[in-house]
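My request is simple: use the sequences and hints to build the entire structure.
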Amino acid sequence: MPKNALDEIDRRILGVLQNNARIANVDLAGKVGVSASPCWRRVREMEARGVIARYVTLVEPAALGLQVSVFVQVTLEKQIEGALEIFEEAVRIRPEVMECYLMTGDADYHLRVVVADLPAYERFLMDHLTRVPGIANIRSSFALKQVKYTTALPLNTGI
Numbered sequence: 001m002p003k004n005a006l007d008e009i010d011r012r013i014l015g016v017l018q019n020n021a022r023i024a025n026v027d028l029a030g031k032v033g034v035s036a037s038p039c040w041r042r043v044r045e046m047e048a049r050g051v052i053a054r055y056v057t058l059v060e061p062a063a064l065g066l067q068v069s070v071f072v073q074v075t076l077e078k079q080i081e082g083a084l085e086i087f088e089e090a091v092r093i094r095p096e097v098m099e100c101y102l103m104t105g106d107a108d109y110h111l112r113v114v115v116a117d118l119p120a121y122e123r124f125l126m127d128h129l130t131r132v133p134g135i136a137n138i139r140s141s142f143a144l145k146q147v148k149y150t151t152a153l154p155l156n157t158g159i
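Heads up: the sequence shown at position 108 corresponds to 108 in the working numbering, and the numbers run straight through without jumps.
Since the hints were made in silico from the structure, they are not lab data.
Misleading hints may appear alongside valid ones.
Cβ pair distances, simulated, as ranges [unchecked claim]:
1. N25 to Q146: 28 to 34 Å
2. E89 to A36: 41 to 47 Å
3. V59 to E89: 36 to 42 Å
Here are the simulated SDA-like pairs of lysine to any residue, each with C-alpha atoms no more than 20 Å apart in a straight line [to be verified]:
4. K31 to E45
5. K78 to A63
6. K31 to L6
7. K145 to E99
Glycine included, C-beta positions come from ideal geometry on N, C-alpha and C.
Below, the structure is given as structure tokens:
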């Protein structure tokens with residue numbers, strides 16, 4: 001089996017953990033149909049191999065007053081390595097930027113930005129994003145409603 005290959009039990013473990021990372025090992029083992037010791041070993045092996053990258057707490061944005069999601073398309077003046085690195089470092093340090101992807105197509109980058117309100121987005125845009133050297137164009141689209149959001153990857157486990 002390749003180094004990062006996952007069998008059906010590993011996938012069942014991941015399926016449960018993606019929905020409840022705080023589940024007790026005994027309960028996890030029961031849900032996936034193995035005993036506790038092998039289940040614990042499998043989880044530790046997947047952590048060591050980097051299959052399980054980290055454990056996090058997902059916070060409801062509205063509970064923090066973060067009501068606005070903005071999808072931002074950024075086009076750079078030049079798509080050269082130095083310009084890409086400058087832009088990527090600039091967005092990496094901004095807490096409002098939840099996701100950033102280097103893209104093919106019309107825009108060089110797509111960002112997902114979360115802020116409290118329109119004035120907060122304007123401050124982010126004017127005080128930070130527009131000041132990044134090498135940006136040619138910025139297009140913003142505001143989400144009206146979140147239809148689906150998940151952090152769980154598709155595992156095809158049947159759970």
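Do V59 and E89 keep their Cβ atoms within the hinted range of 36 to 42 Å?
Roughly 25 Å apart at Cβ, these two residues miss the hinted range, so it is violated.
Given the hint that K31 pairs with L6, test it: the Cα-Cα distance must not exceed 20 Å.
Measuring from Cα to Cα gives roughly 17 Å; hence the hint holds.
Within 28 to 34 Å: is that where the Cβ-Cβ distance between N25 and Q146 falls?
holds (33 Å)
Given the hint that K31 pairs with E45, does the C-alpha gap stay at or below 20 Å?
holds (19 Å)
Are the Cα atoms of K145 and E99 separated by 20 Å or less?
Roughly 18 Å separates the two Cα atoms, so the pair holds.
E89 and A36, beta-carbon distance inside 41 to 47 Å?
At roughly 44 Å between Cβ atoms, A36 and E89 fall inside 41 to 47 Å, so the hint holds.
CA of K78 to CA of A63, is that 20 Å or under?
Distance ~40 Å between K78 and A63 Cα, so the pair is violated.
Comparing the model with each numbered hint stated earlier shows that hints 3 and 5 do not hold.
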